[in-house]
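Start from the sequences and build out the full structure, keeping to the hints where you can.
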Amino acid sequence: MTGAPERTSSDSTLPVSAVARLVGGAVAGDPTVEVIGIAPVDEALGDQMAFLAARRYVRHVAHCKAAAFLVSSELDSALPDSATRVVVDDAYPAMRTLLRHFVPEEEWSPAVHATAVLGDGVELGVGVEIGPYVVLEESVRVGDGTRIGAHSVLGRGCVVGSGCRLHPHVVLYHETVLGDGVVVHSGARLGPDGFGYTLVDGEHAKIPQVGRCVIGDEVEIGANSTIDRGSLGDTHVGRGVKIDNLVHIAHNVRVGAGTLMAALVGIAGSTRIGKGVWIGGQSGVINQLDVGDGARITIRTGVTRDVPAGETVSGSPGRPHREELRRLALVGRIPKLLARIEALEREVSKLRGE
Amino acid sequence: MTGAPERTSSDSTLPVSAVARLVGGAVAGDPTVEVIGIAPVDEALGDQMAFLAARRYVRHVAHCKAAAFLVSSELDSALPDSATRVVVDDAYPAMRTLLRHFVPEEEWSPAVHATAVLGDGVELGVGVEIGPYVVLEESVRVGDGTRIGAHSVLGRGCVVGSGCRLHPHVVLYHETVLGDGVVVHSGARLGPDGFGYTLVDGEHAKIPQVGRCVIGDEVEIGANSTIDRGSLGDTHVGRGVKIDNLVHIAHNVRVGAGTLMAALVGIAGSTRIGKGVWIGGQSGVINQLDVGDGARITIRTGVTRDVPAGETVSGSPGRPHREELRRLALVGRIPKLLARIEALEREVSKLRGE
Amino acid sequence: MTGAPERTSSDSTLPVSAVARLVGGAVAGDPTVEVIGIAPVDEALGDQMAFLAARRYVRHVAHCKAAAFLVSSELDSALPDSATRVVVDDAYPAMRTLLRHFVPEEEWSPAVHATAVLGDGVELGVGVEIGPYVVLEESVRVGDGTRIGAHSVLGRGCVVGSGCRLHPHVVLYHETVLGDGVVVHSGARLGPDGFGYTLVDGEHAKIPQVGRCVIGDEVEIGANSTIDRGSLGDTHVGRGVKIDNLVHIAHNVRVGAGTLMAALVGIAGSTRIGKGVWIGGQSGVINQLDVGDGARITIRTGVTRDVPAGETVSGSPGRPHREELRRLALVGRIPKLLARIEALEREVSKLRGE
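Chains as they are written, first to last, in the working numbering: chain A, 1496 to 1849; chain B, 1496 to 1849; chain C, 1496 to 1849.
Hints listed in this document are in silico derivations from the structure and should not be mistaken for laboratory results.
Just so it is clear, the structure is predicted and the values come from calculations on it, not from any experiment.
Check the hints yourself; a few may be wrong.
No copy is singled out in the list; a pair is fine if it fits within one copy or between any two copies.
List time: in silico BS3-like cross-link candidates among lysine-lysine, alpha-carbon distance up to 30 Å [claimed, not checked]: (1) Lys-1737 / Lys-1770; (2) Lys-1845 / Lys-1831; (3) Lys-1831 / Lys-1560; (4) Lys-1701 / Lys-1560.
This is how it looks when you write it as C-alpha cells:
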C-alpha cells in the first residue's frame, strides 16, 4: 500500500488561553501552551489537544501525550493535576466550535461542469456548483449557493432550496422538494415509489404513487437511505431532522422537526413521528401509528402501537421501557420460582405424612 | 425555501356518476358533483374526492372538505348521511383505477441519449429509451419498449426483457437476466458476488461466484436493494414478486411467484421462499431453509427453521405465531405466579404451626 | 422474455483423475470420466461434477444426473456405491480450486476511458483500468493494476492500493484510504460523515467530521454498504475483513483483521471489534463497546455490553449464548410451573380441611 496522506485538519496553532476564550471555558495549567488541532484522548499526538467527554475514555488518559486537554467538568477530576486543560460544562459543543476553527471550510467554486445535462426550463440560483455528469431534468429549480455532487440525478420538476449540499450519486425522483440547508449523502434516494399494491385478478397490481417527497430545512440524510414519495398525498420530513445511513422511510410518513433516526431504522407507511423524537439503530415502526413528540425509541425496538409523547419504549414488540426491563428481569427469576415450588412440594408432602 | 410546485396529478375533472361507473361502485348523494383527483381523507381539498379505506382515518372525516368520498362499504356508515360518496367493496383497487384515470402516463420518447456508452454486440429492441450516461457493456440485449434510466450500468451479457423500467443508478452485474415488465428502482444492485469464502492458510479465500441473478416477469425491486448472483447455480426471483427498499437477497436464494418482501428484509444463502409468501419489514431468514407457499412471516421475525406452507411465524427466533403470542403472555403472568407462590408459602407456614 | 444466455462457466473438460490431483482428493469409481464444470447437487447436468458438502442436500443425490461428485468425506457414505466421486476432507476449498480452473479470469485491458474526469495531481499506477464516467478528484492516487468501475467517484486525496477492484458506482469521500487487493462492490459508500451532532440553541448542530475512512489490504465490501469516516480520528477496517451487503459501520469504529460481517449488520460509533470475529446478519453493536478477538455474534443479536474474546452471544439484548438458550427454554416451562402451583393449591386446600 502506498503511504497515506497526512491529515490536514490541524494546520493552524492556538494557545490554550485562546481555546478557552473560543469555547467559553476555564484554563487550568499553562495557558501559553500551543495546540495544533484536537483529537480523541486515545489518539492525540504531543502537539494536539485531547478531547475527553466520556467516562469510558478516562482509562486512556495515563498514556496520552497530548499538550493539553479539552474536558467536560464532570471528568475534570480524572485528569492528573499537572495536566493543562480547558474545562467546559459539555465538551461536545466546545469540540464543534474548535473544529470549526481548526478545520477551514472546504474551498469550492461555483460552476456548472461541462458534462452536466440540463433539461428545458432548469433554473439555477446564484453561485451554485453542478458537478460532473449531473443530470437535471426539465423544470428543476436549484436555489442559491447549492452544491450538487457528481452523477446526481434530479428528476423532472424537483425543487432544491438554497445552501444545500447533495453529495455524489444522489437521486431525487420527479417533483421531490428540498428546503434550505439540506445535506444529502451519497446514494440516498428520495421520492421512489411507495410499496403499494392491491390484488387484481389474483396478482399484486401496482397502485400509482402520485404524492411527493418533501424535505424541510436543515435536514441531513445519510448515505444509501431511502425516503419514498407519497401514495396519495406527500411524505414529509420536518425541519432539522437528522437521518443516519441505510434508513427507510415509507410513503406518506410524516416526521416532526428535530427528530433523530440512527442507522438501519425503518418507518412503515403513513406513520406519524412527532417532533424531537429519538429512534435508535435497527428499530422499526409499523404503519399508520402515531409516535408522540419527544418519545424515545431505544435501539432494535419494534414499535407496534402508538407511543405517547415523552414515552421511552424498547423491546420487540415495543413496550414502555420500564415494563420491558421488568419483563426481562422476570424471566431471570424463573429458576428461583422453580426452587420455591420444589420446596413447597417437599413441605406439603411432609405435611401429608408422605 | 422557494415555493413548491403545484401537484399536477389531477388535471381532469369527472362527475361522481362517472367515477362510480369506472370503479363499479354505487353512488349516494349528488351524482353530478365534479371531482378533480383523489386524495387521503386527511388531506383532500374541496374539489377532490377523499379516499377512505381504513378505520383509523374515520376520525378525519368530520374535518374533511372533499367534494365527495370513495369509501369501502364497511366504512360507509362512518360518513355523514349528507356526504356524496361512491361505495365499493374494497376501495384500494378502486383507487388504483381512478388514479390511472386521473394521472396520465408519463410521456417519454424512445431514444438513445448521445452520452450512452454501448459495447460491442449490444442489441436494442424497438422503442427503447436509454438515458444519459448509461453504460451497456458488450453483448447486452434490451427488449422492446424498455426504459433504462440515467447512469445505469449493465454488465457484459445482461439480458433485459421488454416493457421494463430501470430507474436511474441501477447496476446489473454481468449476465444478469430480467424478464418482461420488470421495474427496478434507483440504487438496486442485481448480481453482485455472493458472500462466499473458505479458509485457506488461515485466511478467508474468496470462492468465485459463477452463477447468475435471474429475475422473473412483472417483478418490482425497491431502491437500494441487493440481490446477489449465485455461487454455483443461479439466484432466482419468481414472477410478480414485489420487493421493497433496502432488502438483501443472498446467493442461490429462490423466491416463488407473487411473494412480497417489505423493507430491510434479509434472506440468507440458498434458502427457498415459496409462492405467495408475505415477509414483514426487518425480518430475516437464515440459510438453506424452506419457507412454504403462502407462509406469513410477520415483521421483525428471525426465521431459523423451515416454515410449513400457510404457517404464520413471528418472534426471534421465529415460532408459530400463536405459540409466540402465548410465550409473550406467559412472561406477563410471572408476577401472578409469584403472588400465588407467596400465598402458598404463607399457608404452608401456618399449617406447619409456625 | 428473450432467451437467457448459456452459462459460460464451464468451457473446458477435465477427467476425474485430474480433478482429484488438483484438489488433493481420492477417486472412487471411473477416473476417466470427463466433467465440464461443477454445479450444486440439485442442479448439476449430466456432464458436470456435482458438489455435495451439506447434509441437507443429500436428499437431492437420488435424482442427480451428474457424471461425478465432489464430496466431503463425512458425506461420502450418502452416495450410491456406483457413483464416481472425488472425496476430500472439506469440499469447499476444493470447489474453490476447481472453479478457479474451470472459470477463467475475466479478460480486461488497462486503459483510462475517454470520458473519465481526472483532477489535478491525480497519479495512476501501471496497468490500471478507469471505466466510463469515473471521476477522480484532485490528488487521487491509484496503485498498479487496480480497476475502477464505471461512474465511481473518488474524492480529493483518496489513496487506493494496487490490485484493487472497485465495481461500478462506488463512492469514496475525500481522503479515504484503501490498501492492496481491496474489492468494493457497487453502491458502497466509504467515508461519508459520521452521525455526529450536538445541541446548540436547541437544535442539532453538526460536528465537523474530520477523520478518515481507512481500509486494510484484502478487504471485501458488499454492495450498498456504508462505512463512515471518523469524527476525530479515523475509522479503521483491518486486513482481510469481509463485509456483506447493506452493512453500516459508524464513525471511529475499528474492526480487527479477518472479521466477517453478514448483511444488514450495524456497528455504532467508536466500537472496537476484535480479530477473527463473526457477526451474523441483522445484528447490531451499540457505541463505545469492545468485542474481543474470536467472538461470535449470532444472527439478529443486539450487543449492548462488552463481549469477551472467544465468547458467543445471542439474543437482543445480547447475552452469552448458553444463557440466552436457557432463558428461551425457561419461558417454555412456565405452563408446567403453573400446573405445579395449581396442584399445590389443591393440596394445601385439602390439608386446611376445605
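At most 30 Å between alpha carbons: which applies to Lys-1737 and Lys-1770, within, between, both or neither? Within. Shortest intra-copy distance 12 Å satisfies the 30 Å Cα cut-off; inter-copy 32 Å does not.
Homo-oligomer pair classification [Lys-1831, Lys-1845; C-alpha up to 30 Å] | Result: close both inside a copy and across copies, 21 Å intra and 22 Å inter.
Item to check | Intra- versus inter-copy proximity for Lys-1560 and Lys-1701 (alpha-carbon distance at most 30 Å) | outcome: This pair counts as between: shortest inter-copy Cα distance 28 Å, intra-copy 62 Å.
Which holds for Lys-1831 with Lys-1560 at a C-alpha limit of 30 Å: within a copy, between copies, both or neither? Close neither inside one copy (51 Å) nor across copies (58 Å); limit 30 Å.
Checked against the numbered hints above, the structure breaks only hint 3 and satisfies the rest.
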